[in-house]
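Just need the whole structure built from these sequences, with the hints factored in.
2 protein chains.
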Amino acid sequence: MRKQAKTAITPTRAKDYPVWYQQVVKASDMAENSPVRGCMVIKPWGYALWENIRDVLDNMFKETGVKNAYFPLFIPKRFLEKEAEHVEGFAKECAVVTHHRLEGGEDGGLVPAGPLEEPLVVRPTSETIIGESFSRWVSSYRDLPLLINQWCNVVRWELRPRIFLRTSEFLWQEGHTAHVGPNEAMERTLQMLDIYERLAESYLAVPVIKGEKTVSERFPGAVNTYTVEAMVQDRKALQAGTSHFLGQNFARASEIKYQSTQEKEEYAWTTSWGVSTRLIGAIIMTHGDDDGLVLPPKIASSHIVLMPIIKKPEHRNAVMDYTHALARELREITYHQRKIIVEIDCRETGGRGWDWIKKGIPIRVEIGPRDIAQDSVFLGRRDRGPSEKESIPKGQFVKTIVSILDEIQKNLFDRALRLREENTKQIDSKDDFYAFFTPENSERPEIHGGFALSHWCGNQACEEKIKEDLSVTIRCIPLDAEKETGTCIACGGKSPMRVIFAKAY
Amino acid sequence: MRKQAKTAITPTRAKDYPVWYQQVVKASDMAENSPVRGCMVIKPWGYALWENIRDVLDNMFKETGVKNAYFPLFIPKRFLEKEAEHVEGFAKECAVVTHHRLEGGEDGGLVPAGPLEEPLVVRPTSETIIGESFSRWVSSYRDLPLLINQWCNVVRWELRPRIFLRTSEFLWQEGHTAHVGPNEAMERTLQMLDIYERLAESYLAVPVIKGEKTVSERFPGAVNTYTVEAMVQDRKALQAGTSHFLGQNFARASEIKYQSTQEKEEYAWTTSWGVSTRLIGAIIMTHGDDDGLVLPPKIASSHIVLMPIIKKPEHRNAVMDYTHALARELREITYHQRKIIVEIDCRETGGRGWDWIKKGIPIRVEIGPRDIAQDSVFLGRRDRGPSEKESIPKGQFVKTIVSILDEIQKNLFDRALRLREENTKQIDSKDDFYAFFTPENSERPEIHGGFALSHWCGNQACEEKIKEDLSVTIRCIPLDAEKETGTCIACGGKSPMRVIFAKAY
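Protein chains in written order, with my numbering: chain G, 204 to 708; chain B, 204 to 708.
Please keep in mind that the hints were generated in silico from the structure rather than gathered at the bench. Some hints here could point you the wrong way.
Treat identical chains as interchangeable: a pair holds within one or across any two.
In silico BS3-like cross-links for lysine-lysine, where the CA-CA straight-line distance does not exceed 30 Å [said to hold, decoys possible]:
| no. | residue 1 | residue 2 |
| --- | --- | --- |
| 1 | K265 | K597 |
| 2 | K668 | K229 |
| 3 | K270 | K413 |
| 4 | K285 | K229 |
| 5 | K602 | K265 |
| 6 | K460 | K229 |
| 7 | K265 | K542 |
| 8 | K542 | K270 |
| 9 | K229 | K270 |
| 10 | K229 | K265 |
| 11 | K628 | K597 |
| 12 | K668 | K209 |
This is the structure:
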């Protein structure tokens, strides 16, 4: 075994994964908990990541004809109540506005005043309020498809919040579309799932499995829910995005009707789909290591930090000139539709290199008088160990920077994929299944958690039993699952295919 | 007098300006009122405009070192109460969250449940919640300046909402900065005002006057408030953006302290500044005409619509090929950092040309077999009358499109500036002043409203008297006002300079 090196993050992932996660968020300066219970403050380094994700997705959406719009933050209670399953699903986590001003109270402090006739719910999701607009925008088949997206904040009251993964307020996009028939709506549902897969795999370097949710894991009110599921480094699943085929449920609730080509009045078929700031949690948990955050170059907040080394005052001008000239050269280069973003860190503290490692910047460059004499730079890459640095000619560095970044991007993806592959097992015996998910109690400790590809009869009772026993859920029925007869891991009944079982965030 | 032509918007501006405004919003398909009192739905044509404004501003902010972040939607009541003037200013329009779930009530419907220990206010502005973060982020002079901006929604309960201009929920950006001293903070306050002026004049084609607000018009809690004020077509003023020098008021309230170079503990000096979706109202009211919206090309939702004319089926292929080829050519062209956005409208309705006029698209192009035969296009410009169209060679059109758009942009600005200049008067007599603002009662009906540049003694009582009598307020003390002794328009007392009086939105 390799000698244990000191790490920038304490505890390590192996030691205490949940605390490691919190420490990475803190050390990378991405976000912090706010004094408002369950809400977070997203700091510039974290927000830049979200802006980059937004820009990538927004372009992909617009290429498929989707347009952005904005709908009210508040939903009248009666709107939410229109779809029975929907309101049932969200009632327990609604922030409710009941008053519209503050007034002096008896003890001198301010108290809520101006009670509203009808309480307003802060949107947990916007099917019902957008549905109301759609019902007015659609009257003929000619008005369809309607392809709308909004970028906004939503609120779902969380009793056990966890930064980025589960917060009472979060940022997201929610797409809402209406169509003339089920086929077109289903096609759109899966098209958007493909976009989420592309975002996750090609930009976030997070491999995902596309699949359908079981009935019990569906979005409240949906006919089918599809998901992209990632495996993070403690081998739990993390749902990275969902796309819902809503059938005519919400069209009926909101009266979204159109006159068909046969001049019959029909309810539209709708979809909705979203990803949120949770994706930042997925990035941290997929790529972070014991030295902190590791950012995939394609969506990194910045790409490169230049650190001039000035030990004698007489070197200052030469080193700074060289640094600024290099920054200018790099900033002219386009990397996947964005100009390369370069930071210059002139602090004279010894810890600055580690600061940038913890922040996960893909490339660190040190520039001192010796480097300048050789016209070279001293390069560190975040996909390698902190001390694995190398000197390379500056010209070569500039010329190959795009491929270096691409290589880092690819290495992150490959590493994540390897982790998932190594920790995904076909499991056919109930004993093995229970051992897989409780390695601490097992006589076979070499079997540990991850994704279990196991048979399931389709019975909700079996799903619940496993959830109760092991806190393991069916993450999805993979879209590319092959038909394969087997016996249910829980009841031994006949099963048509394998599904993915895992513990999940 | 010219024969009155039929207009696309009824009523005209002259007939009923407020209703004209509503009709333009509707006819251009930018936005609509929502069933949630005071809230609006921003439709794609309006939202694209906001995205363009956001991108322009965001770049300008970032060039000055500002970074984006995101802070909680909810503000604990006690935070808001920390600054006495601030809470007093906003208490009357706060949406208050008092519960965090809905539960089955006695009558079967859902009622608010899970009362919060402390009510939360939906942010009307974020000085107090951001101040709380700043107090933790700042400890030394080395941490300053802190330059932060957020793009978000805010809520200020409106009893008399008006779409875009005054809505209960609106979108905006709010910048918040902290500095080591008053000079640096004041410099930043005015720097951001300059950016708002540049946005308004160079992008929205809306001329503005920079000035300082009087005490009574200040942001609650600010030491000084600066504004950019526009004149719209009914000659009223519209405040287009504000920048506040907050002194140490909010630093004291939020405990934003730093250790100075002399190792003394000091309160920071802060600023805040914002513009909102109200700017869309300013665009409509500045440029719109009796045929609808007129969009400044630099921030237009789209630049050009191509309308193929196909009267015989055998022409279809040729016309569509020509249209698509032209669209491809145009979409390659960059106009002020954006690729030109081209719409193709293949509808066969006669009304499509008018639809695009009402939506304010800068350029309309008709393409029929005759145009193709001549390799020319038939061009309509939104800065000209709807029937003033001309045929020009296609090659020339493509080659000059950027200068045509620039010319439209300039024409809109010049026209707006002319309106303001024609309706700004130096008024020195009280009678003239009263007549200027009540032309309907005046014996000199040729004098009508607008901006009155008049003397004011600095006394709040005079300001109030004029507000009571005429609903006229001091819009600002222009930054470039020359010292000029005179007598106060209200009391006849001594005055050091002229200020701008106007009715306002």
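A quick look at each hint next to the structure:
1. In this homomeric assembly, K265 and K597 come within 30 Å of each other (Cα to Cα) only across copies, at 28 Å, whereas the closest approach inside a single copy is 39 Å.
2. For the homomeric pair K668 and K229, neither the shortest alpha-carbon distance inside one copy (38 Å) nor that between copies (55 Å) is at most 30 Å.
3. Taking the shortest alpha-carbon separations for K270 and K413, only the intra-copy value of 25 Å comes in at or below 30 Å, while the best inter-copy value is 35 Å.
4. Within a single copy, K285 and K229 get their C-alpha atoms only as close as 42 Å, which misses the 30 Å cut-off; across copies the closest is 28 Å, which meets it.
5. Proximity of K602 to K265 under the C-alpha cut-off of 30 Å is restricted to the inter-copy arrangement: shortest distance 27 Å between copies versus 33 Å within a copy.
6. For the homomeric pair K460 and K229, the shortest alpha-carbon distance between copies (22 Å) is at most 30 Å, but the shortest distance inside one copy (50 Å) is not.
7. In this assembly of identical chains, K265 and K542 lie within 30 Å of each other by CA distance both inside one copy and across copies; the values are 21 Å within and 14 Å between.
8. In the homo-oligomer, the alpha carbons of K542 and K270 lie at most 30 Å apart both inside one protomer (25 Å) and across protomers (17 Å), since each shortest distance falls under that limit.
9. When the C-alpha separation of K229 and K270 is checked against a cutoff of 30 Å, the pair qualifies only between copies, where the shortest distance is 18 Å, while the shortest distance within a copy is 36 Å.
10. In the homo-oligomer, the alpha carbons of K229 and K265 lie at most 30 Å apart only across protomers (24 Å), although the nearest pairing inside one protomer, at 35 Å, exceeds that limit.
11. Taking the shortest alpha-carbon separations for K628 and K597, neither the intra-copy value of 46 Å nor the inter-copy value of 63 Å comes in at or below 30 Å.
12. In the homo-oligomer, the alpha carbons of K668 and K209 never lie at most 30 Å apart, since the shortest distance is 43 Å inside one protomer and 73 Å across protomers.
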